[in-house]
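Engineer: Residues per chain are reported as follows:
There are 2 protein chains.
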Amino acid sequence: MGQENIRIVLDVMGGDNAPSCNLEGAAKALKEKEGFSLILAGDETAIKEGIDKYDLPKDRVEVLPTTEIIEMAEPPVMAIRKKKDSSIVKGMEMVKKGEAEAFVSAGSTGAVLIGGQTIVGRLKGIRRPPLCPLIPTEKGTACLADCGANVDARPEMLVQFAQMGSIYLENMIGIKNPRVGILNVGAEEEKGNALVKETFPMLKECKTINFIGSVEARDVPAGYADVIVADAFSGNILLKTYEGTAKSLMKIIKGVMMSSTKTKIGALMIKKELKETLKIFDVSAHGGAPLLGLNGLVVKSHGSSDADEIANSILEAQLFYEKDINGQIKKALELD
Amino acid sequence: MGQENIRIVLDVMGGDNAPSCNLEGAAKALKEKEGFSLILAGDETAIKEGIDKYDLPKDRVEVLPTTEIIEMAEPPVMAIRKKKDSSIVKGMEMVKKGEAEAFVSAGSTGAVLIGGQTIVGRLKGIRRPPLCPLIPTEKGTACLADCGANVDARPEMLVQFAQMGSIYLENMIGIKNPRVGILNVGAEEEKGNALVKETFPMLKECKTINFIGSVEARDVPAGYADVIVADAFSGNILLKTYEGTAKSLMKIIKGVMMSSTKTKIGALMIKKELKETLKIFDVSAHGGAPLLGLNGLVVKSHGSSDADEIANSILEAQLFYEKDINGQIKKALELD
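Line order of the protein sequences matches chains C and H. Convert by adding 9 to the 1-based position in the first sequence; the result is the number in my numbering. Convert by adding 9 to the 1-based position in the second sequence; the result is the number in my numbering.
Next up, chain C with everything else stripped away, as it sits in the complex:
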């Protein structure tokens, strides 16, 4: 790996700012790095216009024309089954057939998850693929495994999430021997619901990870663990509370800053520095989340992705292949 040309399908129709931001993002990614080409899946006319408008290099892009769009609120299982000519279904089929290495989408999370499992398919031996976003902490970056794919997970799945999350974080972010914590309601081993209690000793015995025990939700933003293992329901609650609390706090702080002439002047003096620092702590700005353990790669970009975030998700897909994450997962988990 690493030397060949990697083919990445970009879902041009997915996300709140599609198709324009997706195409602009494609242009940015292609400009930033060599070594990959893009297959642009979606409305042919819009794509061709975008190729001209954003000056995409024609030798590195091809068009995969599709006519259907899977909407955000559509029940995902049905959508994947019915909309055979959508960018998600046709794009993922290319990965399935080996005609592309990765699929990147800012579209419906549900459809991307279902499509990833049913069209692209799992690596042999992987029980379920977790959706693993990177989250900002006081100390840097942590990885949440799982936050979306498996709401009623089993202990054996969580152990695989821990292993795959560790490989992902170590190789993509460069955190050596990442500390794995299981999301729990207390620090003591006897704490937790049935799932956590059953999973805890299995994680303790797993030789390929650096398990540090339970991590309370309160300690995640402070950076107590690098890989946070959770069922998708709890993981989603964690991620979304993170996002919502930060948003509400910012709104409140802004209100205070605008409340009088004095505070307005004060705000002017810290505004720039504050904005830059808080950007680092923005959950939604951390690019794409991979669905790990697939026979190929699916990257889910935030629904509200702008061109930069789309570009980041594309470059993340490329790095994933350069680092041979799937090869390392197979080796560490002794698959096949």
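If you are wondering where the hints come from, they were derived from the structure by calculation, not from laboratory data. No experiment lies behind these values; they were computed from the predicted model shown. It is possible that some hints are incorrect.
To be verified - List of simulated lysine to aspartate or glutamate pairs, DMTMM-like, C-alpha gap at most 20 Å:
no.: 1; chain 1: C; residue 1: Lys263; chain 2: H; residue 2: Asp291
no.: 2; chain 1: C; residue 1: Lys284; chain 2: C; residue 2: Asp317
no.: 3; chain 1: C; residue 1: Lys206; chain 2: H; residue 2: Asp161
no.: 4; chain 1: C; residue 1: Lys271; chain 2: H; residue 2: Glu285
no.: 5; chain 1: H; residue 1: Lys263; chain 2: C; residue 2: Glu83
no.: 6; chain 1: H; residue 1: Lys263; chain 2: C; residue 2: Glu285
no.: 7; chain 1: H; residue 1: Lys93; chain 2: H; residue 2: Glu147
no.: 8; chain 1: H; residue 1: Lys260; chain 2: H; residue 2: Asp228
no.: 9; chain 1: C; residue 1: Lys93; chain 2: C; residue 2: Glu108
no.: 10; chain 1: H; residue 1: Lys260; chain 2: C; residue 2: Glu285
no.: 11; chain 1: C; residue 1: Lys256; chain 2: H; residue 2: Glu285
no.: 12; chain 1: H; residue 1: Lys260; chain 2: C; residue 2: Glu147
no.: 13; chain 1: C; residue 1: Lys200; chain 2: H; residue 2: Glu80
no.: 14; chain 1: H; residue 1: Lys263; chain 2: H; residue 2: Asp291
no.: 15; chain 1: H; residue 1: Lys256; chain 2: C; residue 2: Asp291
no.: 16; chain 1: C; residue 1: Lys260; chain 2: H; residue 2: Glu147
no.: 17; chain 1: C; residue 1: Lys256; chain 2: H; residue 2: Glu282
no.: 18; chain 1: H; residue 1: Lys148; chain 2: H; residue 2: Glu179
no.: 19; chain 1: H; residue 1: Lys273; chain 2: C; residue 2: Glu282
no.: 20; chain 1: C; residue 1: Lys148; chain 2: C; residue 2: Asp291
no.: 21; chain 1: C; residue 1: Lys91; chain 2: H; residue 2: Glu102
no.: 22; chain 1: H; residue 1: Lys256; chain 2: C; residue 2: Glu147
no.: 23; chain 1: C; residue 1: Lys185; chain 2: C; residue 2: Glu331
no.: 24; chain 1: C; residue 1: Lys260; chain 2: H; residue 2: Glu282
no.: 25; chain 1: C; residue 1: Lys93; chain 2: C; residue 2: Glu80
no.: 26; chain 1: H; residue 1: Lys37; chain 2: H; residue 2: Glu71
no.: 27; chain 1: H; residue 1: Lys206; chain 2: C; residue 2: Asp317
no.: 28; chain 1: H; residue 1: Lys273; chain 2: C; residue 2: Glu285
no.: 29; chain 1: H; residue 1: Lys206; chain 2: C; residue 2: Asp291
no.: 30; chain 1: C; residue 1: Lys42; chain 2: C; residue 2: Asp291
no.: 31; chain 1: H; residue 1: Lys256; chain 2: C; residue 2: Glu285
no.: 32; chain 1: H; residue 1: Lys37; chain 2: H; residue 2: Asp317
no.: 33; chain 1: H; residue 1: Lys260; chain 2: C; residue 2: Glu282
no.: 34; chain 1: H; residue 1: Lys216; chain 2: H; residue 2: Glu179
no.: 35; chain 1: C; residue 1: Lys256; chain 2: H; residue 2: Glu147
no.: 36; chain 1: C; residue 1: Lys256; chain 2: H; residue 2: Asp228
no.: 37; chain 1: C; residue 1: Lys263; chain 2: H; residue 2: Glu147
Said to hold, decoys possible - Cβ pair distances, simulated, as ranges:
no.: 38; chain 1: C; residue 1: Met87; chain 2: H; residue 2: Asp25; range: 28 to 34 Å
no.: 39; chain 1: H; residue 1: Glu198; chain 2: C; residue 2: Lys91; range: 15 to 21 Å
no.: 40; chain 1: H; residue 1: Asp333; chain 2: C; residue 2: Gly130; range: 17 to 23 Å
Beta carbons: idealized from backbone N, C-alpha and C, even for Gly.
Keeping the supplied structure of chain C fixed, place chain H upon it in accordance with the hints.
Structural biologist: What follows is chain H alone, placed relative to chain C:
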């Protein structure tokens, strides 16, 4: 109710700042309101010294001497069983025997929950008592039911949590016909784990509550729902992420404010207003959380409670009786 003298047991030994802050809090509560007396449970010498030091009115306090202390990290079931002469066990026994109406503690959450269920006992017909903290939102105050008591809850329990949480919030905070939402990973009815999917239609059919459907964790801080129904595991993740994110953000903002002379000057101009506003949004400062549905009342105050928070928890217990919350729960849930 409302006219008689309410007897509240205060656990003088529980919490990070015990016994001094607990006794100071007792003094504050007694000074603020009439209509109740306190039974101070704990080390006799410390209590007698505190009564003198904080000038507690001797006609409104009595001492319940105990010699054992249940530590924060002790396995709670064993602690309740073994430490018969602890402030938690002896205090709760008084409620059980009808010698007191309420028990207030900032001690071990686990021990308070176990003691509440096994010593004080449930109202007949209540499956499980939820721990229901009030949480700050952009719009005011919401109530989380449950955040600590039942990590592996059943749908029937969650319906009772919704009913009891509604009565509590309406009467204690004055929110008429509070909007009940079930904590979920998406807004659509088909979303959720097995527990949520099973509970959703039951909440929809429940006549005594104002059910508005699913509420995503992201929308809780913005105040989309008044009563948030959850199993204790998810509820705890929500509450603790709230707390942790706010704490980390504040730390980061403080760092920015102290980063240069310019920002330091700016910070001075908004500091006071910011501090006051953010206090409102501090999860930990919202006083005590009741364990609802008991044959009596147990209020859990935050472990790090200062004198004001202890006083608030005591006054909350008094109000709970004045408003006859248990009578209303019995009526609405048609218990007995």
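Engineer: Decide if the proposed pair is consistent with the structure: Lys93 of chain C and Glu108 of chain C, CA atoms, cutoff 20 Å inclusive.
Structural biologist: Roughly 17 Å between the alpha carbons, so the hint for Lys93 of chain C and Glu108 of chain C holds.
Engineer: Would the pair Lys263 of chain H and Glu83 of chain C pass a check requiring their Cα atoms to be no farther apart than 20 Å?
Structural biologist: violated, 43 Å
Engineer: Is the hinted pair Lys206 of chain H and Asp317 of chain C satisfied, with a Cα-Cα distance of at most 20 Å?
Structural biologist: Judged against 20 Å, a Cα distance of about 37 Å means the pair is violated.
Engineer: Assess, step by step, whether the Cα of Lys273 of chain H is no farther than 20 Å from the Cα of Glu282 of chain C, and give holds or violated.
Structural biologist: Distance of about 12 Å is within 20 Å: holds.
Engineer: Are Lys260 of chain H and Glu147 of chain C close enough, with their CA atoms no more than 20 Å apart?
Structural biologist: Answer holds: Lys260 of chain H to Glu147 of chain C is near 9 Å, not above 20 Å.
Engineer: Are the Cα atoms of Lys37 of chain H and Glu71 of chain H separated by 20 Å or less?
Structural biologist: Satisfied, since the Cα-Cα distance of roughly 16 Å is no more than 20 Å.
Engineer: Run the distance test for Lys42 of chain C versus Asp291 of chain C: straight-line Cα separation, threshold 20 Å.
Structural biologist: Violated, at about 25 Å.
Engineer: Would you mind confirming whether the straight-line C-alpha gap from Lys148 of chain H to Glu179 of chain H stays at or under 20 Å?
Structural biologist: holds, 15 Å
Engineer: Does the alpha-carbon distance linking Lys263 of chain H and Glu285 of chain C stay inside the 20 Å limit?
Structural biologist: Roughly 14 Å between the alpha carbons, so the hint for Lys263 of chain H and Glu285 of chain C holds.
Engineer: For Lys256 of chain H and Glu285 of chain C, compute the direct alpha-carbon distance and say whether it is at most 20 Å.
Structural biologist: holds, 19 Å
Engineer: Lys256 of chain C and Glu282 of chain H were given as a pair; does the straight-line alpha-carbon distance stay at or below 20 Å?
Structural biologist: This hinted pair holds, its Cα atoms lying about 19 Å apart.
Engineer: Would you check the hint for Lys206 of chain C and Asp161 of chain H, treating anything up to 20 Å between C-alpha atoms as holding?
Structural biologist: The given pair, whose Cα atoms are some 11 Å apart, holds under the 20 Å limit.
Hint violations for this structure: numbers 5, 7, 8, 21, 27, 29, 30, 38 and 40, all remaining hints satisfied.
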